[in-house]
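S.K.: Okay, here's what each chain looks like letter by letter:
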Amino acid sequence: MAERTVKIEIKRQSSPDSSPHWDKFELPHRPGMNVISAMMEIAANPYTADGKETTPIAYDSNCLEEICGSCAMLINGKARMACTALVDKLDQPIKLEPLSKFPLVRDLSVDRSVLFENLKAVKAWVPIDGTYDLGPGERIFPQVQEERYPLSRCISCCCCMEVCPQFNESTGFVGAATIAQAQLFNEHPAGKVLKEERLHALMGDGGIQECGYAQNCVQACPKQLPLTKAISDVGRDVMVQAVKDAFTR
Amino acid sequence: MATAQRPVAPTTHRGVQPLRAGQGNSFLLRKLHSLSGIVPIGAFLIEHLISNFEALKGPAAYAAQVKFLNGLPFVRVLEWVFIFIPLAYHALYGVYIWARGKSNVIYYPWSGNWMYMMQRWTGLIAFAYIVQHVWRQRFSGVNLPEHPGAAFHKVQMELSHPWMLAVYAIAMIATCWHFSYGVWLFAAKWGITPGDKARRRFGFVCAALGVLLTVIGLASLYAFVGPMYKNAPADLSPAQIEQGSMAPAPAGAQVPASN
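In order, the protein sequence lines correspond to chains A and B.
The opening position of the first sequence corresponds to residue 1 in full-length UniProt numbering, with each subsequent residue numbered one higher.
The opening position of the second sequence corresponds to residue 1 in full-length UniProt numbering, with each subsequent residue numbered one higher.
Keep in mind that a hint or two might mislead.
Negatives, chain A to chain B, calculated, CB over 10 Å [stated by the list, open to error]:
#1 V6
#2 K11
#3 S14
#4 E26
#5 N34
#6 N45
#7 P46
#8 G51
#9 K52
#10 P56
#11 N62
#12 V87
#13 D88
#14 P136
#15 P150
Below, simulated DSS-like cross-link-like pairs (lysine-lysine); rule was C-alpha separation at most 27 Å, straight line [as the list claims (entries may be wrong)]:
#16 B:K31 to A:K192
#17 A:K192 to A:K123
#18 B:K197 to A:K223
#19 A:K89 to A:K78
Simulated from the structure, these hints should not be mistaken for laboratory data.
Please read all numbers here as calculations on a predicted model, not as lab measurements.
Glycine is no exception: its CB is placed at the ideal position from the N, C-alpha and C atoms.
When you get a sec, could you build the whole thing from the sequences and use the hints?
M.R.: This is the structure in structure tokens:
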């Protein structure tokens, strides 16, 4: 009996400006393997299916357990995490492509710094610098904690932005992840001091108004963040703030 | 003293640009677009469909409705401020929104994504239809504000072309679809229905609204092309309009059995 193999096709591109091509790989099947473990083998033994030597594939990954958010890519055309993409559950040949809406670095590795810039723009943090003792923090009620915890699960993988029809170069839409993080810190007893600034930031060009509510974000999110609820809640807060501004500023 | 040259960061921007906090006025423009779809445009759509429904009572009742609307105080101001200007804004900004969205329903065939695409297509259909509808029915041919009695005949002539009837029927469905899903989107985006259950429940409400409006609209179309009021007179005198639905049926029409 022939040995069972796994067929993988990877879209390669050696630099941001070079043109892409596809490489085909074939490797022995092992039970429970996922796309990341397959890519590790390909990178360690860079020979294509027809035996030609090639450069080792480049990809981002770190934790291998869907916590770090590094290994998001298009797997059979859909944005998802490579570490939780089990080979046995995928149609073969498995086609791997880099995320399409982020500047390409090399092969499957893309530059997702736009999310970091967006998180900075909405001040997605609790403003405590630790230079002096502020005393004990305010109590967080369990009801608030229950609302906030799901939002805190975001791993910054950018899947929600990749699948969003409004996240593109003409709108410059901020994307669901940043809006959810703005909500997370608006609900924090110390973080809410920046709530108004966050809401003002989200009124800028590319802000929350660009959302078309296609709801792809919530479908694609590997961590099941309630992204559509967050957009709705923040949308109301931004609107209330805008009306307040119109009458009081 | 020699100083090492710092590597210059590449200036060409690649990819989607980050949030422009505090810049631009797209928030105001987009929210005006959203609101204008509900009031005044949505409110006008409902008024228009209800008024059209009068056609089922015959040419005189339809003429009376046209006469009533054109008798409102400041009617020309109302028409421009609450209908034409908001409609033009909503349509043009809507085209701008459509042009900048990159639909990906082929890769992600999820229901919300389908509705996103449908909202854009129904909007475009409605826009194209409304341009010709306003031109042909309001600004060319018999001037209905001056001759309300000619309203039924004018519409009947228009709908006598089968392809024009098809255009009206398709546009009726598209417009009612666009409005009812627009109400749902409004509630979702303005934070009125943030919860999954609330959005789901309101989805049923909006679907029912859409079906109801479509049925009302298509029924009114039937009044013009059905057997009840065939060959309506080209104009009705004020006296005939006064008599309303009690007026004798126009020549050539079959008398409805219920009368």
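S.K.: Which hint numbers does the structure go against, in order from smallest to largest?
M.R.: Violated: none.
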